Amino acid sequence: MSKKITIHINGKPYSVEAGQTIMQAADHLGFHIPRLCYHPKLSIEGACRVCIVEVEGAKSYVASCAFPVSDGMKIHTNTPDLRRARRDIVELILDNHPMDCHICDRNGTCELQRLSYRMGIKNRHFEGERKHYAEDLSSEAVIRNPNKCILCGRCVRVCSEIQQIHNLSQAHRGFKTVVMPAYNMPMQESVCSCCGQCINVCPTAAFVEKNYTQEVFTRLNDPSLVKVAQFAPSVRAAIGEAFGLEPGHNMEGQLVAALRKLGFDYVFDTQFAADLTIMEEASEFLERVQSKGRLPLITSCSSAWMKCLEQFYPDLIENISTCKSPMSMNGALIKSYFANKIGVDPDKVFSVAVMCCTAKKYEAARPELKVAGRQGVDDVVTTREAAWMIKSAGIDFLNIEPEKPDAPLGLSSGAGVIFGTTGGVMEAAIRTAYELYTGQTLVDIEIEAVRGLKGIKEGKIVMDGQEIRVAVAHGLGNACQLLDAVRRDPKLYHFVEIMGCPGGCIGGGGQPYAGVNTIPLDDEALQKRAKALYDLDRSKTIRRSHDNPDVQKLYKEFLQRPLSAVSHKYLHTHYGAKEPQGISPRCEPLHRS
Amino acid sequence: MAVLAQDKIQELKDFIAGTQTLAYPDSHLIAVLHKAQGLFGYLSRETMDLIAQEMRIPTAHIWGVATFYHYFKLAPPGRHQIAMCLGTACYVKGASEVLEALKKDLGVEVGQTTPDDLFTLQEARCLGACGLAPVCMIDDKIYGDLTAKKITDIIAKYRKEAKAK
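So the sequences go chain by chain: A and B.
First residue of the first sequence: 1, per the working numbering; consecutive thereafter.
First residue of the second sequence: 1, per the working numbering; consecutive thereafter.
Be a bit skeptical, because a hint or two may be false.
[What the hints assert, rightly or not] Derived EDC-like pairs (lysine to aspartate or glutamate); straight-line CA-CA distance at most 20 Å: (1) A:K578 / B:E46; (2) B:K104 / B:D116; (3) A:K122 / A:D88; (4) B:K104 / B:E123; (5) A:K176 / B:E109; (6) B:K150 / B:E97.
Since the hints were derived computationally from the structure, they do not count as laboratory data.
Predicted model, so just to flag it, every value in this text is computed and none were measured.
Go ahead and model the full structure; you've got the sequences and the hints to work with.
Have a look at this one:
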């Protein structure tokens with residue numbers, strides 16, 4: 001228990017714990033000091049000065065995010081002079097801002113807009129020089145627009161501190177400062193993993209995903225196409241937030257109904273393909289264990305993780321499962337098995353994936369994933385974009401009658417559901433691998449050791465006397481730490497699950513922006529989204545992937561058996577080393593020849 | 001990829017190795033960048049990549065530091081360095097017209113190098129020769145009492161010499 005001290009805020013005494021900043025103490029006491037560059041999971045930047053408070057005896061106003069409390073400190077958060085100073089600071093941030101709120105991607109979700117409202121800014125006292133930089137549209141996933149940037153540095157910090165990709169920095173100085181990758185490289189050529197966490201933490205629209213919604217709307221109105229959608233597990237656990245709900249509502253039925261109302265002829269569930277992934281991946285794992293193949297097996301579902309690995313861990317590519325991600329498996333099946341079943345030319349099938357993820361946009365375009373020269377998924381829209389499409393089409397999402405996904409690629413087990421949260425793939429794989437290996441059914445299928453938001457989790461399971469050691473990491477920074485350990489001792493684990501985003505897909509770069517009273521990457525919100533998925537898993541009668549009758553039927557009708565030649569053609573892929581442009585100190589670079 | 005001279009690379013590597021045993025090795029980045037610019041004349045991508053790998057510092061971070069300080073050059077300098085003085089005395093005596101004439105003649109802005117790599121144009125704040133104002137320094141030679149006409153003649157002389165070589 002740390003020491004208690006007394007501070008005064010706005011004339012009233014409060015007992016608080018020593019060793020915190022003024023902002024932290026004030027937060028606990030219910031004073032929400034305005035802020036911009038501060039984020040509790042990132043280092044303190046102290047750059048924006050929006051969080052200034054008056055401390056009696058101090059020479060000037062202090063930044064409350066960085067200033068520690070001390071006994072007897074007298075703090076004022078709302079004096080007229082302070083309010084004016086704070087308002088001036090925000091006005092100065094606004095003075096070179098494009099001020100095109102009504103046509104901006106963050107219209108209604110912009111923190112600067114909210115701050116301006118909160119500061120009571122009614123007049124433009126300063127009309128500053130504007131910035132005129134070209135938008136960087138090179139990446140399949142992430143657009144960088146320096147004109148909207150207010151230099152809070154959150155993106156730089158999330159990329160370096162949480163994801164540890166270190167792609168971004170603030171280059172040049174003063175008014176000419178721009179957040180950019182090394183050498184001002186286009187995002188596409190940079191080490192950007194496309195995870196989209198910079199988008200999640202950006203208060204404005206300096207980083208946004210590449211938007212495909214207009215193209216999707218156009219093609220939804222093309223009568224010559226069969227329109228097919230699929231949606232990821234974690235989308236259902238988060239999309240409600242874009243409609244004002246608290247985190248943690250499972251909106252699966254509403255989402256299916258809304259997608260049909262948008263004009264999709266068939267709505268499939270990526271969770272079906274998650275079950276399929278488990279069939280393939282668990283079989284691949286057992287094959288490697290039995291044939292003493294390369295271990296640990298590392299999961300390949302997370303596209304941001306795959307790009308990170310190809311750049312920084314090329315020596316571990318052989319450890320990666322050859323399974324495509326569930327999205328790409330479903331895509332491949334939509335354009336083959338399904339198109340065939342309904343007697344339609346695969347080129348007349350328009351396949352859209354609704355994903356919690358920005359990196360899936362990059363994945364969908366990867367040439368390695370094509371089957372017969374075709375992309376399995378034509379367009380990826382994020383949870384945010386899907387929510388916008390639903391709003392734009394005037395669909396009453398919250399009050400819509402829930403519907404069920406279509407057969408044959410829509411039925412899923414509980415194991416497929418939990419793919420959306422960190423540890424879920426491992427848990428699902430264990431449920432199936434255990435049974436495939438031992439011939440017995442695993443009774444205790446809720447594997448607590450791999451659940452929760454701890455950065456790196458470890459677990460053990462005994463199968464027929466053989467101990468299988470597993471590890472799970474989420475967020476690329478944790479992933480790099482875990483992989484460094486694997487590099488040092490390859491015998492440490494048999495099976496490793498990696499998800500590129502904090503919390504797994506539920507914390508994906510394409511999830512709804514934080515609301516008025518929430519912050520991006522908030523643990524509580526992530527836990528609620530995870531709980532929605534675990535509850536959904538528990539509510540299902542079928543909780544193991546291999547018990548999914550539609551998966552069994554698919555093998556019987558089309559794929560024959562896991563790892564068959566047909567499976568390999570449609571469901572598996574390969575990865576290759578990519579020369580990194582720039583280094584990440586945690587990750588051993590690929591040495592240039 | 002530009003080939004860096006092997007002996008210079010080794011010298012840079014040795015210099016970096018010397019910093020890595022000290023406390024807070026990352027804090028020596030600026031010193032290392034100075035050393036690199038001293039060796040190669042400017043900071044190329046290849047040089048910064050090398051520093052990133054040797055110091056285990058992300059290239060994006062190095063790029064941030066290298067672009068922050070005006071001293072660091074990111075493009076190879078021209079054969080001749082022109083430093084036009086814009087100190088008070090020179091300014092009063094018409095340095096800005098001379099600078100304009102220079103910019104027009106060379107076809108570059110301050111801080112840039114001519115396409116033929118012959119000149120890099122810089123500005124200076126007092127060269128300590130105010131009696132000769134307005135002055136400019138080309139490499140280590142001072143030219144005083146300049147006018148727009150005079151400076152173009154001087155530049156023409158350098159061009160002629162370069163052609164003769």
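Against the structure shown, which of the earlier numbered hints fail to hold, in ascending order?
none
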